[in-house]
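K.L.:
Sequence:
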Amino acid sequence: MVQDMPPIGGYGAVQYKRNLPARGFRPVTLLGIVGLITGYGWYRLVKGIRERNELAREKMWGRIHLIPLLQAEEDRDLVRRHLADQAREKELLGENIKVYHSDRFVRPTFAATPGEVTK
Numbered sequence: 009m010v011q012d013m014p015p016i017g018g019y020g021a022v023q024y025k026r027n028l029p030a031r032g033f034r035p036v037t038l039l040g041i042v043g044l045i046t047g048y049g050w051y052r053l054v055k056g057i058r059e060r061n062e063l064a065r066e067k068m069w070g071r072i073h074l075i076p077l078l079q080a081e082e083d084r085d086l087v088r089r090h091l092a093d094q095a096r097e098k099e100l101l102g103e104n105i106k107v108y109h110s111d112r113f114v115r116p117t118f119a120a121t122p123g124e125v126t127k
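Mapping to my numbering: the sequence shown position 88 is 96, numbers consecutive.
Read the hints as simulated data drawn from the structure, not as lab findings. Some hints could be false.
What the hints assert, rightly or not - So the derived label-pair ranges between C-beta atoms look like this:
| no. | residue 1 | residue 2 | range |
| --- | --- | --- | --- |
| 1 | Glu97 | Asn61 | 19 to 29 Å |
| 2 | Glu82 | Val42 | 55 to 65 Å |
| 3 | Val54 | Gly123 | 56 to 66 Å |
| 4 | Gln79 | Gly43 | 49 to 59 Å |
| 5 | Glu66 | Asn104 | 41 to 51 Å |
| 6 | His73 | Ala119 | 46 to 56 Å |
| 7 | Ile57 | His109 | 27 to 37 Å |
| 8 | Gly102 | Glu66 | 50 to 60 Å |
Idealized CB from N, CA, C, for every residue including glycine.
Throw the hints in and build the complete structure from the sequences for me.
P.N.:
Next up, the structure:
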């Protein structure tokens, strides 16, 4: 029996691919778009961080500039309390007794104590 052989020159090419148009953007284009969006997001993030740091610095300097005012207010309150304490002491004892051995001003410490203590 004679074996069946291909024709001389071979068979024609078999078309197995589909000729469909590519959908959407090419990968390089998509990568570029994603890169631009990410870059814009980082730009806004850095801009926001810088703005927040500037506001924090402004808040800190505002508080630093208020310190002398607050210190003066506290000093006035201490002088008022000291003079009231001296007047109360003179009224009770008849004279002002020096507690310390020097004329140096010692900042008093006032502690709030409860009126009634229960045991």
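K.L.:
Decide, hint by hint, whether the structure agrees.
P.N.:
Verification of the supplied hints:
In this structure the hint that Glu97 and Asn61 lie 19 to 29 Å apart at CB is violated, the actual value being about 52 Å. Our hint of 55 to 65 Å for Glu82 and Val42 holds, since their Cβ atoms are close to 58 Å apart. One distance hint, 56 to 66 Å for the beta-carbon pair Val54 and Gly123, holds here, with the actual separation near 58 Å. At roughly 54 Å, the beta carbons of Gln79 and Gly43 sit within the given window of 49 to 59 Å.
A hinted range of 41 to 51 Å holds for the C-beta pair Glu66 and Asn104, which are about 48 Å apart. Against the hinted window of 46 to 56 Å, the Cβ-Cβ separation of His73 and Ala119 comes to about 31 Å, which falls outside the hint. Evaluation of the 27 to 37 Å hint for Ile57 and His109 yields a failure: the beta carbon distance comes to about 57 Å. Distance hint check: the CB atoms of Gly102 and Glu66 are about 55 Å apart, consistent with the given range 50 to 60 Å.
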